[in-house]
Structure formats: C-alpha cells, structure tokens
Amino acid sequence: MKRFAFYTKIAKLCFLCLSMAAMPQQSMAQVDAEHAGFYGEGMTIEELNQLQSSGKETRILLYNLEKDMFLNAGGFWGTRTATFTVGLPLLVMPNHDNNNSYKIKGPFRNTETSGEYLGLVPEGNTSKTRGVYFDQKDENGIYVNWEFEKIADSKEGNVYRIKVFDGTQEYYLCSNNLMTINVFQQVNSNLVRAMTITEIRNRNPRETHWKIVSEEYLEDMFPDTYNKERPSDATFMLRAQGFNRLNKYNTYDSESGRGWQQSGTMTFSNDFSGEFFDDKGNDLYTQSNVDQNFGMFYCGGIKKAAKGAKLFQKVKLHKSGWYQVECQGFFNDEKDKTEYAKLYAKTTNATSKGTPEWKSMSLLGKSYGEEEGRISLEKVPVREETFDKIEFLGKDIRDNKVSNKVEAGVVFYCKVYPNYLTFYANFDENEGQDIEIGIEIDKDMTDNDYVYFDDFRLKYLGESFALDEGWNNFKNGSTAENSDYESKYVNRPLILKRTMTANTWNSLCLPVDLTKRQITQAFTARVEIAKLCNAESGREGAIAFQTLKLDSYSDDDVVTRKGEAFIIKPLIGDLTQEGYIDIGDRGETKITAPFYTISRVSLCKKELLEEEINIENLKRFQALEYNGDVVIDGDHFFTVNGDGYKDCKLRVYATFEKETIVPANAYVMHDSNLYHLPGQWDKAAGYSWWIEDEHQSIPGAKGHRLAFISMDGIGDNTTTAIEGFITMDATERDLPAAVYSIYGQIVRRGTTSLEGLPSGMYIVNGKKVAVR
468 MKRFAFYTKI
478 AKLCFLCLSM
488 AAMPQQSMAQ
498 VDAEHAGFYG
508 EGMTIEELNQ
518 LQSSGKETRI
528 LLYNLEKDMF
538 LNAGGFWGTR
548 TATFTVGLPL
558 LVMPNHDNNN
568 SYKIKGPFRN
578 TETSGEYLGL
588 VPEGNTSKTR
598 GVYFDQKDEN
608 GIYVNWEFEK
618 IADSKEGNVY
628 RIKVFDGTQE
638 YYLCSNNLMT
648 INVFQQVNSN
658 LVRAMTITEI
668 RNRNPRETHW
678 KIVSEEYLED
688 MFPDTYNKER
698 PSDATFMLRA
708 QGFNRLNKYN
718 TYDSESGRGW
728 QQSGTMTFSN
738 DFSGEFFDDK
748 GNDLYTQSNV
758 DQNFGMFYCG
768 GIKKAAKGAK
778 LFQKVKLHKS
788 GWYQVECQGF
798 FNDEKDKTEY
808 AKLYAKTTNA
818 TSKGTPEWKS
828 MSLLGKSYGE
838 EEGRISLEKV
848 PVREETFDKI
858 EFLGKDIRDN
868 KVSNKVEAGV
878 VFYCKVYPNY
888 LTFYANFDEN
898 EGQDIEIGIE
908 IDKDMTDNDY
918 VYFDDFRLKY
928 LGESFALDEG
938 WNNFKNGSTA
948 ENSDYESKYV
958 NRPLILKRTM
968 TANTWNSLCL
978 PVDLTKRQIT
988 QAFTARVEIA
998 KLCNAESGRE
1008 GAIAFQTLKL
1018 DSYSDDDVVT
1028 RKGEAFIIKP
1038 LIGDLTQEGY
1048 IDIGDRGETK
1058 ITAPFYTISR
1068 VSLCKKELLE
1078 EEINIENLKR
1088 FQALEYNGDV
1098 VIDGDHFFTV
1108 NGDGYKDCKL
1118 RVYATFEKET
1128 IVPANAYVMH
1138 DSNLYHLPGQ
1148 WDKAAGYSWW
1158 IEDEHQSIPG
1168 AKGHRLAFIS
1178 MDGIGDNTTT
1188 AIEGFITMDA
1198 TERDLPAAVY
1208 SIYGQIVRRG
1218 TTSLEGLPSG
1228 MYIVNGKKVA
1238 VR
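Numbers in my numbering are just positions in the sequence shown, counted from 1, shifted up by 467.
Some hints could be false.
Cut-off 30 Å, straight-line C-alpha distance, at most; resulting in silico cross-link-like pairs (DSS-like, lysine-lysine) [claimed, not checked]:
no., residue 1, residue 2
1, Lys-774, Lys-715
2, Lys-1073, Lys-809
3, Lys-809, Lys-783
4, Lys-998, Lys-955
5, Lys-804, Lys-820
6, Lys-1073, Lys-1150
7, Lys-523, Lys-783
8, Lys-802, Lys-715
9, Lys-862, Lys-747
10, Lys-1057, Lys-809
11, Lys-777, Lys-820
12, Lys-998, Lys-862
13, Lys-747, Lys-809
14, Lys-715, Lys-804
15, Lys-846, Lys-882
16, Lys-1073, Lys-572
17, Lys-882, Lys-862
18, Lys-771, Lys-572
19, Lys-862, Lys-802
20, Lys-1125, Lys-1086
21, Lys-747, Lys-771
Pair by pair, the computed Cβ-Cβ distance ranges are [what the hints assert, rightly or not]:
no., residue 1, residue 2, range
22, Arg-670, Tyr-506, 19 to 27 Å
23, Ile-1080, Glu-637, 55 to 63 Å
24, Asn-1094, Gln-517, 16 to 24 Å
25, Asp-855, Asn-1094, 45 to 53 Å
Calculated directly from the structure, the hints in this document are not laboratory data. A quick note: this is a predicted structure, and the numbers were derived from the prediction, not measured. Where a beta carbon is used, it is the ideal one built from N, C-alpha and C, also for glycine.
Let the hints inform the model, and build the full structure from the sequences given.
Have a look at this one:
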C-alpha cells in the first residue's frame, strides 16, 4: 500500500501525515441493486380504475415484496423485465372487451416492431427463450393482456399476482431469477420471468407478490418515509433517468412535455453511435450482438458544447423541503483539464446561483475512477471475452482506463463515479413547484472534451436542523428555549455552518457520527480525512496524522464519530454559497450562507449529553477517542517520536461553541497550517479543535521550536520550507501577533514590528522578511 507523507518543517517539530491501514474491507463493486425500502400498503386495482375513469392519466410502479425492489428494465437488449432500486413508471390500461385484463405500457418505442407494451415472448420465438419485454406489440404469438389476481387476507397490504394467458396456460410474473449479464463475471438475481403455476409451486410465494403504487401515492408518503432507513425516493418523477435503450424520453417528448431537453449548442447522444467499428471502419453499433450485450448500459453523452449549454428536464414537485439529486458521471480531464461540466438543480423561479434554491457542483473528472484501482477487475468484475468479441474504440478493458462511452456505461452501473447535490424547494404545496435538473457546460468544449453521465436519481430529504460555529450555546442553538436541546432529529439534512477552505486541511469535531456516504455526498468523493495518531517511528519531532482510505469503507460504514477530532480536506462539495435557509419545520432559525448540507443525520442533544457521551464543558473538552465504536475511557494522549520529545504528551481539545479560550503554546489548525500560539486566543470557532502539549506547560521545560507547519509542503530545516505559503495576516485571523526566527523560535511577542532586530531572516504572518 502506498504511504503518504506530507509536511513542511521550520523547526525540528513537524507535522506528518501517514496512510492508514485499510479499515472495513469493502466488497467488490456491486453488480446487484440496493433495496428500495418501500413501506406502503399499495393500492387496489379498483382504486386505480377509479382514478383512470376520472380521466386522469395515472402512472404506476410495480413493487415486488420478496426483492424489496420495483419492476424496471434490464438484461438482454436492455428492455427485459428486471427488479431494480427505482421503478419504471407504467400506464395500466383496462381492456374494454375484457374487464379483467389490462395492457401495461412503458416508455419504450421500438422503431423496428412499433412495440410499446409489456409482453410475454414464449419459448420458440426468435428470442430463443421465454421472456417478458417492455417493447412488444399486440400481435399473434405475443401476449400482452395481463390480469391482477389479489391475494386474499394478505397481512402485507394490497398484494397481487400478475399473470398472462397464452391460450393454453397462465404465466405469473416471478422475481428472484438469476440474470446473466454477459458483461460481468458475476450474475445477480434480479431477472423477472413469466413462470407457470407448476414452476412456481416450490418457490417462495413472495416472489410472485406485487403491489400497485401510483406516483401520487409515493409522493403523498414523503412526510412519513423521509426519515426511514432509506430516504423517500422521488426518482419516479424523472423520465429516462437511466437513458434506457429505446426510451422515448431520452429526448424531449412534445406530446407529454416531458423528457430530456437541450439548450444551447451541443452534440448529445444516449446510444453508442460512434463507438463500435470493424476493421474497415464500419459503424457496428446497430448490430444485434452489440445491443444484446451492451444495451442495458446506454448512457448520456455531451460533446462539442458551447459555454452555457445544458441538458435538462423539468419536474413538478408537490412537497416542500430538501431534495437530493445524484448521478453517475464524469468529464474528460486528461492533460490536467479543469472542470467544465456541472450537475445542477434549481427551482424554475430561482434567481441567484449558489443559493439553496439553485445549486450546482462540478462533476468528477474521469481520472477519479482511474485512480486507486477503482475500475480494476476486482472492483468492476467484467467478463473480458465479451469485450473481445466486438471491435470498438479503445476497447482494452484491462488497462484500468475508461477509454470510451461503452466502458463508461459499464463502470456507471458499478457506481464508480458518484456525484451528489442537495437543493431546497419552498412553495405553496397546493400549487406545486417546477424544478429543473441536469448537466450544464460552463466552458467551451474542445474536440477532445466529452462528458458522460447516467442513473439520475431524486430523493426527498425533509426539513433540516442546524449546527452553527457562531452559536455560543450548543444546547439551545440560536434560541432561548429548550426546544432544540430536546428535539430528536432522525435522518434529517444537517445544515453545517463551519468555515472551511476547499482543497486545504481543516479541523473538525462534530457531535454526530458520519458515514462514508454522508461525507462523500457533502464534500465530494475526492474528500480526504485524517486523524491524529502516535508517532512511534519516522521523522523525529513529528505530530503525526493517519489518512483514512475511504475506498476501504462501505457506504454505510461510520468514518468519523461524535466528539472525535479529525482533519478534513474537502472540495467545494455541497456548499451553499449565497442566500440563507430557514431551519426546521417551523423555520424559527435562519442560517446564512456559506454552509454545507449533510444528508440524513440524526441527533438529539439531550440524549447525546446526558446518555451517550460524558462532556460537561462544551467550550473545552478532551476530544473523544474510540476503539471501534466504543469510547476509550480515561485520559489519553499522543506521543511524538524522538529522544528530545519523549516527554511530549499531546492531547486534543475541542469545542462545540464559539469564543473558546485556547491556551498559550497550543497548536491551532487554520487553512492547512498549524499555528503555535505564544499567548491565549479567544476566537476559536465552534466545532474546531486544538492540540495541547503537557510538556510545554511544565515550568522550566524546554520549549519546542515551532512556528508554522503546512501539511501540503515538503521541506526540512531551511528557509525554503515555507515558500509558497498562502496565509492571511495574523491580525485578520485574530491570532496573537509575533515575530519568529526561521527556526521557529519566538523572538518578539505581541507585535509584528521588526524595528531594532539584528540583521537576518524572520517570519512575520507566515512570510519571510529580511532585516538588513
């Protein structure tokens, strides 16, 4: 494993960062789907009929009880029935000549067969295997008339078996069948087949049990489901969220006014045109052997776009609150290309970018997935021979590179490129609110630039609560009441107002646990985190940190724990930069930007302080240390390597409140710099921490020669060690004024004046100054 060490040294005591041994071992990239976490009773078929008889077109989703997933498309050709985390919205239309049967219509338009119905293709047909597909038409030999058979006395709500009759026998939609995806070494159990009563006799009955769920039904459930184990999924509001093969909403559908729209100059595609060629240069992407294997990996792509161009779709919301948008995607950042593509979301009446109502975030660069073995065969277990059978551009799947759109679609399926942002929509729920979601290009693209993306999702997160570094009372927040202290927030968006600088190291100590998913969603997948550790070897006089290998954690693994001190190097991430937000259900507290939004955080301050952790002084407490998920009781400290530092005992102290007094000789982190304080400092922000060395507080002890230390530089005991620092003046930082020697010794306290000092080099406000 590669070891990372980055430090700059002005004196013998320096700041060292090591790589941490892998923590929980994450399994190889998932080629299965997550559970949906649906909790509702479902509708009756009579309720659906009543809605449709009123003239209202009602789209429904079909939920399978055994898989805890919805019916969607996948498998061969990308149009075969499968279960997935999110459902495919369908129209269920009664057959007027047969009141007991229905046609089920999806969003697919097969130009070769004109098919648009869910249909059984029996054995003996040209598909060579019995299957159920979404792109069939009502013709001889294809069976599209479905019946809903209710399960009597079900204790799990309104449950149905869904069957079709081929003139000889009945076939039931049955989940949990093995689906071979020729692209991968592994199989999953997401295939939905049509099976006879004999074939299902020994199967789990729940595999054939389905619930009918309308889009309106799901949206009405948001206030009751947002804080469950899984957030309220609102992806059903999107059209062609995965750019399915043959989906009519891959482009704008003028009849319904839905689908992906283009604005500005760009070349957009959702297929693999221009990727598959034979040795004569002929485009083969329409050949059957291509879509049969790769049809389920279609994704969106933008090339040759001008600044300001965007691909987007509009959705109408009916519930106010915080929403999260996510997608798989990247821009080509080869040759150190800077960002030029963003994921964005906004309410259509938003007027200012960077506000809670209009958020954007740069997509990950292509290089992210190509680092740290993220697309190795261990993480993306492809079946190489499938790729070898077809000629296409840059097809070497073994090179750990994403060389074309085909490979992009495959790694997107394995969730290698996660992008997230949150936005807030506040409106009259009787009127609803239109929003816009999509990809925006913010620089003119060159011929070598391209952006690929897939699997858009929308989730409802509910109302928020807040932690503000400027609050002087952690318990009550900004109010004089105990409501915030006693409130129990469960899986709510956390508005974190904590001043941090992107791309530099910042100290942080929070009263909540954070998982990998929460951290990467708020601060991007490129975030870095490190924790203080004992320096038992290596460079003498080093304050040592261990970097955490986030790739070794699963999404739901806890990475940082309540009351634990750590340093974080975020990107801009999910940062609201302008405007303000009214917090909570009643909007009693207003938080002004900038602030981060961290999804699905739980906190009850009363329970935290009275039952979970033993902290009495919230302005100054020794940061907690953990052994696994158990707090280490008693005093604990960290050591520094070297004979001259064997008496050092470094203790980390933190605060949940502002204006905490930090004692002299403590070390305070600011913008990747660790400041050694020659005097007391009373401006520490809430949710920060500092280091105190017991040895330096002993009368007569030898002082350590330390001034400024950077985690990003590399240097030794020379004047060049601090070149390139970007630091604000001490007066701007409210840090005690002082003049230091180039070796870190304080030569003058309480002032930055150099008058009367001997000739030589000095450090003032982090910069070298010569006295001649």
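Evaluated hints:
1. Lys-774 to Lys-715: Given pair Lys-774, Lys-715 holds - Cα atoms ~27 Å apart, limit 30 Å.
2. Lys-1073 to Lys-809: violated, 40 Å
3. Lys-809 to Lys-783: Given pair Lys-809, Lys-783 holds - Cα atoms ~22 Å apart, limit 30 Å.
4. Lys-998 to Lys-955: The hint holds at about 29 Å.
5. Lys-804 to Lys-820: Answer holds: Lys-804 to Lys-820 is near 24 Å, not above 30 Å.
6. Lys-1073 to Lys-1150: At roughly 26 Å apart (the allowed maximum being 30 Å), Lys-1150 and Lys-1073 satisfy the hint.
7. Lys-523 to Lys-783: With a Cα-Cα distance of about 16 Å, the restraint between Lys-523 and Lys-783 holds, given a limit of 30 Å.
8. Lys-802 to Lys-715: violated, 36 Å
9. Lys-862 to Lys-747: The hint holds at about 16 Å.
10. Lys-1057 to Lys-809: Roughly 28 Å between the alpha carbons, so the hint for Lys-1057 and Lys-809 holds.
11. Lys-777 to Lys-820: holds, 15 Å
12. Lys-998 to Lys-862: violated, 41 Å
13. Lys-747 to Lys-809: Violated, because 37 Å separates the two Cα atoms, which is more than 30 Å.
14. Lys-715 to Lys-804: violated, 34 Å
15. Lys-846 to Lys-882: At roughly 10 Å apart (the allowed maximum being 30 Å), Lys-882 and Lys-846 satisfy the hint.
16. Lys-1073 to Lys-572: violated, 52 Å
17. Lys-882 to Lys-862: Holds - the C-alpha atoms of Lys-862 and Lys-882 are around 20 Å apart, at most 30 Å.
18. Lys-771 to Lys-572: Not satisfied, since the Cα-Cα distance of roughly 36 Å exceeds 30 Å.
19. Lys-862 to Lys-802: holds, 21 Å
20. Lys-1125 to Lys-1086: holds, 7 Å
21. Lys-747 to Lys-771: holds, 26 Å
22. Arg-670 to Tyr-506: 19 to 27 Å: At 24 Å between Cβs, range holds.
23. Ile-1080 to Glu-637: 55 to 63 Å: holds, 60 Å
24. Asn-1094 to Gln-517: 16 to 24 Å: About 59 Å separates the Cβ atoms of Asn-1094 and Gln-517, which means 16 to 24 Å is violated.
25. Asp-855 to Asn-1094: 45 to 53 Å: Taking Cβ atoms as reference, Asp-855 and Asn-1094 lie about 49 Å apart, which means the hint holds.
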